[in-house]
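Participant: Here is how the chains run, residue by residue.
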Amino acid sequence: MLEMRKDIFADERDDNLNVIGKGLQRQDMPGHVTGRTRYFDDHAFDGMLHLKVVRSPHAHARIRSIDIAAAQRAPGVKRVLRGADVPVNKNTLLSLINFGKDDEPSLAVDKVSYKGEPVVAIIADSEAAALAARQLVRIDYDLLPNVFDVEEALKPGAPVVNETYPGNYFEYHQRYDHQKLRFGDVEKAFAQADMVLEHRYQMSPIEHAPTETNGSIAAPEQNGRFVVHSCAQGLFFALGTAAKIVDVESNRLHFIGGTVGGGFGGKVDALTEPLAVLGAMLTGKPVRFVLDREEEMLYGSPRGAERIYVKDGLMRDGRIVARSIRSYFDAGAYTRLSSYAAIKCTAHLPGPYWIPNVASDVYVAYTNRCPSTAMRGFGVTAVDFALEVQMDRLAEAANLDPMEFRVLNAYRDGDMKAHRRVAKNTALIECVQVVAEKANWPLSEQAKRQSSLTGGVGERALIPATPLDQRGQIGRPDTRNAPSSQVLPAGTARIPLSKQPVMEGDRDGRAKPTQVPRYESAQPIAALPPYQPAQTSNPPAPAYQPPPAYQPSPPPPAPPPAAPAQTQHGAVRFSSVFGTRRR
Amino acid sequence: MARHEGRGMASVNYPIGMNLGGDPSQALIHSNPDGKFTVALSAIDLGQGMKQVSRQIAAETLGVPIEDVYVDTADSDTGPHDMGSFASRGTHRMGNAIIVAAREARGVLLEAAAEELEVNAADLVTDGRGNIHVRGAPSKTITVKATAQAAQFKQGKTIAGRGIFLIPLSAVDADTGEMNPNTAFAHACLVADVTVDDETGEVEVLRMTSAYELGRVINPRMVEQQLVGGAWMGMSHALYETPEPYYPNPEHGPRDFNEYLMPGPGDIAPYHVTVLERPAPDGPFGGKGPGEMCANPVLPAVANAVYNAIGVRVDELPITPEKILRGIKANGGVKPGPRRGGPVNWR
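Sequences listed follow chains A and B, in order.
Going by full-length UniProt numbering, 194 is the number at position 194 of the first sequence; the sequence numbering is gapless.
Going by full-length UniProt numbering, 222 is the number at position 222 of the second sequence; the sequence numbering is gapless.
Don't read these hints as lab results, they were simulated from the structure.
All values derive from a computational prediction rather than experimental measurement.
Careful, some of the hints might be misleading.
[Stated by the list, open to error] Sample of chain A residues at the chain B side, in silico, Cβ under 8 Å:
hint : residue
1    : D149
2    : P156
3    : Y176
4    : P205
5    : F236
6    : G262
7    : H348
8    : A439
9    : N440
10   : L497
[Said to hold, decoys possible] With a straight-line cut-off of 25 Å between C-alpha atoms, the simulated DSS-like cross-links for lysine-lysine are:
hint : chain 1 : residue 1 : chain 2 : residue 2
11   : B       : K140      : B       : K154
12   : A       : K188      : A       : K155
13   : B       : K329      : B       : K140
14   : B       : K36       : A       : K22
15   : B       : K323      : A       : K311
16   : A       : K244      : A       : K90
[What the hints assert, rightly or not] Which residues of chain B face chain A? A partial, calculated answer using Cβ under 10 Å:
hint : residue
17   : S76
18   : G177
19   : V217
20   : P220
21   : V223
22   : P243
23   : A280
24   : G287
25   : V314
Cβ coordinates follow ideal geometry from the N, Cα and C atoms, glycine included.
Using the sequences provided together with the hints, build the complete structure.
Facilitator: Now the structure itself:
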């Protein structure tokens, strides 16, 4: 069930709108419920051929030889492809935005790096013929030692999973074996904290499990073009990737998609389009390449596992004064999108809280398993699990109620975030307050009076002096424990505030669609007001003092009938949880 | 042997759009001679409702009835470039591009109407029901249809618009991680009530109670669909799913839905969501994006509820009966935590 609380933040909105905010029936709903919606696999062609791949049975092995002679002679087989038949047989998806090195073949050539890696593709006039011929391909392997644990993979001497990244880590900024976050002095803060808690968290891989498995159909069009019916989550990502791998100009490919049977991140990789297009080019016939359910489950790119170590410095009054995180994304054998997720994860730390000293080292490690990729909440889901279980532990250690503890440490408008930008448009406290009331979870009066609008005071708004280090240089595992080398002065920002959106209206005098976001520069350190922990600036809100220990209070009184809609933020109290229900 | 009740909570935020920018979306809109509009995109509808969100944003901005707008996506020959549907970016990025395009098309529409009515275009308003009239003088009016016909056959005007929304790529500092990440964040808090059976190790989610702040809600039913579906996924991640149950040991991979565990219909928990709207300064009508974050608070809230019920911390997902029973054994028995609050305030 869903209810709208229009009373909260009401003065930040103009609700005088015509169709926005209405629960109107979807344009595509009649097609979905009557089974008439057409997905990629509803576009069969006369004379369509079927492509199946032969996958490696080994997690890590050198390929000694590939014998396709028997498969080529098998009934119904039109063409058998090996890596040498793929025009550009090495790619990484984010090369389209110039991020990372090409590291993954479409069909393995010298070695396989995970169980299920495609080695040979068979194109036949039926799925059954392709599957039968798959049994006839003979590949000789020399087994190689393998590594499945992210921390083992990073140790010197571990088997090299991915020759493009011989240290088994993604290389950041051509300098480090991980992505750093440094804000304040965590070591000093740990030394001064009343308590230090460190715990290890592990998220296992997850399968996207879409109803529609990955697949595509490519067919010759007129004039040397090819039409591709695709399940891609990014149409032009898939088009650009296919054009690169088969080495044709992008306007020779005509991609059609947009109606997809579930993705959750598992359809960003263009797993099937390049080989389907190549097959159509080489045979002159329509070619369909669809993963079956077992392939989707085992070899269709999962959400990668993440191992996360969280170390926090806590004061007895419940303030978190330092948070240090070391985490490992398990990329599997190739990069795909893990490199990007590590940066998104870094920007997310330390979670929706204001903490004066934060550091993190996020590694992307290669292991001999199916490459992982994006999935719903990419870079954030696993770390949120770790942070919020850790928060539960910290609350208990400080003898505070978990909700009071969240309100005490929540980030607010104007607070400086660890990536050195000012927080705005925050609303964590209000969400806690509303849930507490709905769940009948007692909150102190002070916690009920807090607001996201009143942060950014004193130290909370400033970039602290920050020790820097050269730990983890590429190819230098011996540098992983190096000491800090310099201190970056307080207030330092080195990345330009480049986040101004570009819209056509900016250039030709048309109205801009929305107010554009503007990051504010850090205030100079000289203008520093004295440190006032956890105090709020606006006069009506008294300074928040968490209760020394959690005291369950009696259930709140029943809401008064027909309470007027609240227009105040931060909510004096939530007297009308059900008074403003909308549907 | 008994079933123990427990309650846990978590609060989270979530960034909207590709973290580092470099993340454009384009939209093209045109009218046919009857005043019916087509929005041409390359956005992807994964079931989340991208077509309908686009349609509502276009209709609102054009000022025409929703029935008069059709969204055509995604054909690379006709739909202009878009990065895709991921990173909770669809509504925010594409919505802004559609607003730019729709404003341009609306501008031409009003100019054409002004010519027919012999008034100044700046004095015209739309009623959202297919009519254009002079502000304060509703009798001085023309339909969108008649305007479009005049534009096409008399005036020679193209009622069309083009739009792009781009947040440029930002660099990341190698030493400090300084960057310009997302410009909009959504927020949530969730309470999970569970029981844990100390004999079988089974966890049942009794109910979930949440609040989400999502900026402007474009379509509340589609928000509900996202949040309820996402909560199911969160339960599933917390308690059931993984293709590698003994990770990092890669064995025991599932091959189909018989072997890959997920909650069934009998496991679905009653769920109450409250939505708050703090508009994003750079969002379309203030919209953010609920697509990804809706599973996130469920995982830790369930883990914290299990701890509250029996005193066992399971720090490796999923929280399987095996891990629960091993935890109880290691603790020397069940150690329930304090009761938190009373019965929920909703049914």
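Participant: Compare the structure with each hint and give your call.
Facilitator: These are the hints, each one checked on the structure:
Below 8 Å, beta-carbon pairs count as interface contacts, and D149 of chain A has one with chain B at about 4 Å; its hint therefore holds. The restraint placing P156 of chain A at the interface with chain B is violated, with a minimum CB-CB distance near 19 Å, outside the 8 Å limit. About 6 Å separates the beta-carbon of Y176 of chain A from the nearest beta-carbon of chain B, less than 8 Å, and the hint is met. For the restraint placing P205 of chain A at the interface with chain B, the shortest Cβ-Cβ distance is roughly 5 Å, inside the 8 Å limit, so the hint holds.
Taking 8 Å as the C-beta contact cut-off toward chain B, the hint placing F236 of chain A at the interface holds, the least distance being around 5 Å. Evaluation of the G262 of chain A hint against chain B yields a held restraint, the C-beta minimum of about 6 Å falling below 8 Å. A least Cβ separation of about 7 Å between H348 of chain A and chain B falls short of the 8 Å threshold, and the interface hint therefore holds. Evaluation of the A439 of chain A hint against chain B yields a held restraint, the C-beta minimum of about 4 Å falling below 8 Å.
For N440 of chain A, the shortest C-beta to C-beta distance to chain B is roughly 4 Å, which falls under 8 Å, so the interface hint holds. At about 7 Å, the closest approach between the beta carbon of L497 of chain A and any beta carbon in chain B falls short of 8 Å, and the interface hint on this residue holds. Only pairs whose Cα atoms come within 25 Å are accepted, and K140 of chain B paired with K154 of chain B is accepted, the gap being roughly 20 Å. Under the criterion of a C-alpha separation no larger than 25 Å, the hint pairing K188 of chain A with K155 of chain A is inconsistent with the structure, at around 28 Å.
For the given pair, K329 of chain B sits about 81 Å from K140 of chain B by alpha-carbon distance, which is inconsistent with the 25 Å threshold. A distance of roughly 21 Å separates the Cα atoms of K36 of chain B and K22 of chain A; the hinted pair therefore holds under the 25 Å criterion. Between K323 of chain B and K311 of chain A the CA atoms are separated by roughly 24 Å; this keeps the pair inside 25 Å, and the hint holds. Between K244 of chain A and K90 of chain A the alpha-carbon distance is near 10 Å, which keeps this suggested pair within the 25 Å criterion.
The interface hint given for S76 of chain B holds, since its Cβ lies 4 Å from the closest Cβ of chain A, which is under the 10 Å cut-off. Nearest Cβ of chain A to the Cβ of G177 of chain B: about 3 Å, under the 10 Å cut. The hint holds. With its C-beta approaching chain A no nearer than about 6 Å, V217 of chain B sits inside the 10 Å limit, and its interface hint holds. Because the smallest distance between the Cβ of P220 of chain B and any Cβ of chain A comes to about 5 Å, under 10 Å, the interface hint for this residue holds.
With a cut of 10 Å, the hint placing V223 of chain B at the interface with chain A holds, because the nearest CB-to-CB distance is about 7 Å. Hint on P243 of chain B holds. Least Cβ distance to chain A is approximately 5 Å, under the 10 Å limit. Below 10 Å, beta-carbon pairs count as interface contacts, and A280 of chain B has one with chain A at about 6 Å; its hint therefore holds. Taking 10 Å as the C-beta contact cut-off toward chain A, the hint placing G287 of chain B at the interface holds, the least distance being around 8 Å.
Look at V314 of chain B: its Cβ gets to within about 9 Å of chain A, closer than 10 Å, so that hint holds up.
Hint check: violations occur at hints 2, 12, 13; the rest are consistent with the structure.
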